[in-house]
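Chains as they are written, first to last, in my numbering: chain A, 144 to 501; chain B, -17 to 258.
One should not assume that every hint holds.
What follows is a list of derived Cβ distance ranges for each label pair [what the hints assert, rightly or not]: (1) B:Leu242 to A:Glu251: 37 to 43 Å; (2) A:Glu267 to B:Thr186: 44 to 50 Å; (3) B:Pro171 to A:His214: 20 to 26 Å; (4) A:Ser181 to B:Leu238: 35 to 41 Å; (5) B:Pro171 to A:Lys320: 23 to 29 Å; (6) B:Pro171 to A:Ser305: 26 to 32 Å; (7) B:Thr34 to A:Lys244: 58 to 64 Å.
Just a sample of chain A residues kept apart from chain B, beta carbon distances all over 10 Å, derived [to be verified]: (8) Leu264; (9) Asp271; (10) Lys320; (11) Asp336.
Hints are computed from structural coordinates only; laboratory data are not their basis.
This structure is a prediction, so every number in the text was calculated from the model and none was measured.
From the three backbone atoms N, C-alpha and C, an ideal C-beta is built for every residue, glycine too.
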Amino acid sequence: MASIDIQNVKKAYGHVQVLHDIDLKIKDGEFVVLVGPSGCGKSTLLRMIAGLEGVTAGEMRIDGKRVNELHPKDRDIAMVFQSYALYPHMNVAANMSYSLKLRKAAKEKITAAVAGAASKLGLEALLDRRPRALSGGQRQRVAMGRAIVRQPKAFLFDEPLSNLDARLREQMRAEIKKMHGELKATSIYVTHDQIEAMTLADRIVAMHGGVVQQVGAPLELYDRPANMFVAGFIGSPGMNFLEATYAGGSVTLADRTVVTLPGALALDDGAKVTVGIRPEHVVLAAEGEGMAATVDLVEPTGFGIILHLSLHGLAFKVFTTDRAALSAGPTVHVAFPSTQIHVFDSSGVRANPLAPQA
Amino acid sequence: MKTSLLPTVAHRLALLAYVIFALFPLFWLLKVSVTPNSLLYSEGVRMWPSQTTWEHYAFVLQHSAFPTFFKNSLIVSGSTAVIVTICASLSGYALSRFHFRAKYWIVALMLLTQMFPLVMLVAPIFKILTPLGLTNSLTGLIVVYTAFNVPFATFLMQSFFDAIPKDLEEAAIIDGATKFMAFREIILPLTLPGIAATLGFVFTAAWSELLFALMLINGNNAATFPVGLLTFVSKFSVDFGQMMAAGILALIPAALFFLLIQRYLVQGLTAGAVKG
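Based on the provided sequences and hints, a complete structural model is requested.
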């Protein structure tokens, strides 16, 4: 197991810079999730850690040792691919033992390692099968098994669950988390699925446009997003944003509704701001209170109900577990609890304090 | 679900008609090769002669230069197929996986070579090979055939390499393999159908090539089989029986060769590598 240090790392293809000054310290045994929309550079960063992509500038260290120029085969890192990348002409056992064979490990040791990984993943009965005779979930397990048998310095996961159906994904997610609890292996996991990021990570690295937007514990990103990108990306359904003006510790929305904030912000009076509120924090108020909004669409999810509203002509979402909302009329009234309001300045950076609010 | 009978029957009949159409010339070859000379013109058009004989085969094998032609053809076609496949595997892999300067121009140039009618090239090639002492030699033929087949075979192999996901190589490299080991142990085994197809394609192309063999070879010692067949045509007559018998014999190695590689030609070896 190992720590991974990424210092001022840049990546460019020709004149196109895809990663800008990435700085990240991953502790030994930590589970870090790189999350972001497609094209944000998260997979590129992962492939650079693996050594499949070169480092344009900056330094990458594994266990304190500079690896910029080290060939992937000498980095002692295992990777689980989105496509699984199993060797089709080898059976499951051979797939799992290939890395050990390349390292010229003793036969007994290989057999023991494969048997150990197989029992951990429930693959004992499939060891003689070729990948083509396996289901998607089984292939995924073999790909995990191939990583486990090596006992590498770190595990890299490149969207490993995105080819599975929803139910299997949920199950594998829990298994990966359980396995990490047992193996305590340094893991870097790339996904565009914020639920995977929230549930698996010790720390999330939210990326956008080749820049790290925020690094922190999952709930930290949920409760105190550093900017509008993180605010909008983490959480489902996504956060609502409304234009507003700040003055003396309160914000005034477009319809002149004034919401008093719990504390004053370091903003000039009259500053244009964006107010963010999560759909699950919006309160459905009685008539005459809060703001009136028209109902466009009602989506029952079973657990709760998502109301798609139109508030001053802007799309606005509310999530509630109150089933009365199912029969919500053409107009509803919404109110914002002031403690749940996120304020972003004109450049989209969080204006509320980043430290936990008392 | 009940499948309706009529389309199935029509489908099979169409296939049968095609098979008969395709195989009839071969059948005729066989028929003429076993027909005694005395009956060839006297019996009219019959599907099978009233009397059969192996005398043409015996003559071809014992009294003609056919065994020499046969040996020459085997050497030329076999060597060409092997050399071309090795070159095409390496160049096809490079075109499929590497980015390098002038890649575009190399591909364009290779494509260009395929656009010339061969007849145009006979004279210049003869002129090049003569001072090198490569006319009237099997080596010369192998060189020429290799040169002509490498571009197409390269494109063929490239398409097979393109079909193999890059992830597989990367997985092998992360597992601790060098790039060459990943090529040899992971990629090459998966390309066996492609290699078999290329071998078969080049072998048959060289086996049946006539133009260059005719122009570059003079005399029986280095003649390949298609040239040899022409020796059965003399000024006043064509010995059809012997010619057909030689033709049948010439089919044997080609058929054997395909029998050997056909199990690799069956696709689907890569199924299951990645999510399909």
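Now for the hints, and whether the structure bears them out:
Restraint check, Leu242 (chain B) to Glu251 (chain A): a C-beta distance of roughly 39 Å satisfies the suggested window 37 to 43 Å. The beta-carbon spacing between Glu267 (chain A) and Thr186 (chain B), approximately 48 Å, falls within the hinted interval of 44 to 50 Å. About 23 Å separates the C-beta atoms of Pro171 (chain B) and His214 (chain A), a value consistent with the hinted range of 20 to 26 Å. A beta carbon spacing of about 52 Å between Ser181 (chain A) and Leu238 (chain B) contradicts the range 35 to 41 Å that was offered as a hint.
The hint said 23 to 29 Å for the Cβ distance between Pro171 (chain B) and Lys320 (chain A), and at roughly 36 Å that hint is violated. Remark: the range hint 26 to 32 Å for Pro171 (chain B) to Ser305 (chain A) is upheld by a beta-carbon distance near 28 Å. In this structure, Thr34 (chain B) and Lys244 (chain A) meet the distance hint of 58 to 64 Å, their C-beta atoms being roughly 59 Å apart. With a least beta-carbon separation of about 17 Å from chain B, Leu264 (chain A) lies farther than 10 Å from that chain, consistent with its non-interface assignment.
With a least beta-carbon separation of about 14 Å from chain B, Asp271 (chain A) lies farther than 10 Å from that chain, consistent with its non-interface assignment. Every Cβ of chain B is farther than 10 Å from the Cβ of Lys320 (chain A); the closest lies at roughly 23 Å, confirming the non-interface assignment. Listed as outside the interface, Asp336 (chain A) is consistent with that label: its C-beta sits roughly 16 Å from the nearest C-beta of chain B, beyond the 10 Å cut-off.
Hint compliance for this structure: hints 4 and 5 are broken, all remaining hints hold.
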